[in-house]
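Keeping their order, the protein sequence lines are chains A and B.
Numbering that gives the first Met the number 0 applies: residue 0 is where the first sequence begins, and numbers increase by one.
Numbering that gives the first Met the number 0 applies: residue 0 is where the second sequence begins, and numbers increase by one.
Calculated directly from the structure, the hints in this document are not laboratory data.
To give an idea of the chain B side of the interface with chain A (calculated C-beta under 7 Å), a few residues:
no., residue
1, Leu35
2, Phe41
3, Ile43
4, Gly58
5, Ala61
6, Ser130
These numbers were taken from a predicted model, which means no experiment stands behind them.
Cβ atoms here follow ideal geometry from the backbone N, Cα and C, with glycine treated the same way.
Protein chains: 2
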Amino acid sequence: MKLNFAKRMSSIKASEIREILKVTEQEDVISFAGGLPAPELFPIEEINEVNQIVLKEAGTKALQYTTTEGYAPLREWIAKRMNERLGTLLDKDNILITHGSQQGLDLSGKVFLDEGDVVLCESPTYLAAISAFKSYGCNFIEIPTDEHGMDMNILEDVLSHTGNIKLIYVIPTFQNPTGKTWNLERRRKLAELSAQYNVPVIEDNPYGELRFEGETLPSVKSFDAVGNILCTGSFSKIFCPGFRIGWIAGDKDIIRKYVLVKQGTDLQCNTIAQMVIAEYLKRYDIDKHIGKIVEVYRKRRDVAVKCIECYFPEGIKFTHPEGGLFTWIELPEGISARDILEKCLEKKIAFVPGGSFYPNENKENTFRINYSNMPEEKIKKGLQIIGEVIQEYIHEIK
Amino acid sequence: MKLNFAKRMSSIKASEIREILKVTEQEDVISFAGGLPAPELFPIEEINEVNQIVLKEAGTKALQYTTTEGYAPLREWIAKRMNERLGTLLDKDNILITHGSQQGLDLSGKVFLDEGDVVLCESPTYLAAISAFKSYGCNFIEIPTDEHGMDMNILEDVLSHTGNIKLIYVIPTFQNPTGKTWNLERRRKLAELSAQYNVPVIEDNPYGELRFEGETLPSVKSFDAVGNILCTGSFSKIFCPGFRIGWIAGDKDIIRKYVLVKQGTDLQCNTIAQMVIAEYLKRYDIDKHIGKIVEVYRKRRDVAVKCIECYFPEGIKFTHPEGGLFTWIELPEGISARDILEKCLEKKIAFVPGGSFYPNENKENTFRINYSNMPEEKIKKGLQIIGEVIQEYIHEIK
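Could you put together the complete structure from these sequences and hints?
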C-alpha cells in the first residue's frame, strides 16, 4: 500500500544541479555546474587556530544549545557590516542567524505563504528559491528582467492587477543565474512599489561582497521606508559554505516571527560555527580575505568571458558580470541547452541548462556557467569544448 | 499597513520553555526548565584534537558544500549503531543527517502533512513537536498513555473511526515530558497498527542511549514489516547539542523524499561537524563516554526522585524514569502548576508547567522536571523549595 504524502510532494523534484553534481564527482570532469566557492581559498589555518581558542576559552558554551536568534556578537557584526556597506540602519535584533541564506528563503515561505498565494520573481531566478517557496504551495509570476534589473513597469502592472501576491523575490546583485546587477533606480523603485502595494520583498544577497569592479550599490533594504523588506546574507561565499551560517535581516517584529518559526524547525544554528566566525572576524581582516577571493574570481571571470567571446559561435549573448560566481549564456532560439549538455557530458564537461531557472516557462536555449571553482586552464579547456559542441550542433541542425 | 502573513502564523506562539529559559539566564537561578545536557561532560579536549585532524587531513572538504544526504561514513556508523542496539536492518541509504532530531520532525511535517490532516500523539507529548507539525496546519488527537506507553485499544479505535490521519508521533523511550518508556508489546502493536491502517509512525528517539537501568528495548522501527516507520536520533545528548547533528532513518524511498525536501530547506547540514563526529567515533570509545554521562545522570535522577518523595506533599504522582532527562509531576486536581511556577520564580527556581505539552487540552496540574543540567546539591535545594511552595499553596487554597 502506498503512503499518503502531502500534496506538495508531487511538485518537489530532484534539483537538476544536485543530480548533475553527482556526475561531476568523478575527478576528471570539468564542471561549470555548481555554485561552489574555490576551496583553496578557505582560511583553513585561521579556522583551525580560532577553533582552538573558542574551545579553550568557552568550550562548554560553544558546544551547548544557544538562543534561536543566534550568537549576539555575530549578529552585531552583521548589522554593522550591512549598515556600512549596504546603507541600512540595523542592529542585532534585526538579524536572525540561519542555515545559509537558503534557510532564509524557506523560513520566508513558512512565514508568508499559504497554498495558492503568488510569488513574483525575476525571470530567470535562483532554482532552489523556486523549490523553497513551491513547498508552501505557491504559484509564481515571472517578471521580465533586462540588464538593469527587473522591469518596474511590468512589475507595477502585475502588482495592480493580481490578487494574493504575498512576496516579491529578487537577487539584485550578481544575480543567480544571470550574473546581472540591478541599477540604483530599480532598487529604489522596488522599495517604493513594495510599500505602495504592501507586498514584502525578499532581497537575496549571498554574492554581494564579491565585486570585481565598479561601486557597491545600496541594498533595496536601504530604501525601505515602511519595514517591508527582508534581506539575506551568507558566510558561504566569503568564508566557507561547510559551516552553513547565513542570516536574514528585517524589521524587528517580522524577525520575531521568523524566530518563532525557526524554533519549531530546528531550534537554532550550530553554536560553535557562529562563535568561530565571530572570533575570526575579531582577529582577522575579512576585507583582506575577501580581496584575495575577488582577485582570483576576477581573473577566472576574465578568462571565462574571453573564452566565450573566442570559442562560442556568433549570435550568442552572455552576461559580463561585475561580480559573483556566474555568467549566463543565451543560445540562438531553437537550440536546446539540454542537448548541448548531453554531448558535453560525453566529453566530461558539465553545466546547468537554463530551463530549471524558470518556475513556469522553460527557455531551453539558455545555460549557466560557474567560473569560481576551477583553475584558469580548466575553464579555458572546458569552454573551448563547449564552444565546439555548440558549433557542431548548429552545423548539424542546419 | 499590516503585512499579510501565512495563516499558520496565527497559531505559532513563543515556546514557553524558551521564554522561561530567558529568565533562567541569570546565574543564581536554579532551573529545572530546559532539556540541556550537562556541559561539564562535553568531550572538549577530544573535539579539539579531532577538529585539528580533520582540518589538517581534509580541510578543503570539511569546509566545502557536501551532499544533502550527509557525510557517508557518519551515516554508515548510525545505521550500524541502530542495527546493533535497536534491532533494525538499515544501511547508510536509510539515513538522512538533519539539524538535530528536531529537523526530522519539521521535515516529516513537510513530507506528510496538508492543512487539516490529523496527527496522533501521546498525551502529553514533546512541545516542539507540536509546533513543528502545527506549522503545516494539522490537527492533533491525543491518545492516553499509561506507564507502559500509549493505549493501543484507544489508538486502534481512533485509527478505525477517523479520516485523514497522516502521522502517528511517539517518543517510546524516556519520553519527553513524562520520562516513561513503552514496553515491548506496545512497540510491536504500534508497528502492526501502522501497517494495518497504512499510517506512518515517527518514532522520536533522542534520549534512547541514556539508560540508567534495565535492558535496551528494540525500537518500534525494528517491528516495521512494510517500511512505514521513521525513527529519529541525535548526537545532542550523547556528544553535544551545539553541533546540531541528528538524523532520521526510514525506508529508502521515503528518505529520498526527505532529501528532496531538505534540499529546498537548507541544502545540507554543517560539513565539518559531521566529519568531526565521524572522526571522534573512529578514534574514541563512545560507549565509554556515554557510560560517564549515564553515571552522572543516574545519580542526579536518584537525588531528584528522593527529594520529590521527601519534600513534596502526599498525593503527588511522579515518574521514576529508567533513563533520559526528565521526570513528570502530577499534582492533585485543581492545583495550577503555573501558579506554583510564579511563586517559585520569585524564589529563583524554574520549571516548565505541563499545559504546553498538550496540543488540545491543558492539564494545568502537571509539570516537567529536568535533572541533567545541575549538580546534585542544586537539585536538592531547588526541589526542597518547590516542595515548600506546593505545601504552602495547598495550605492556602484549603
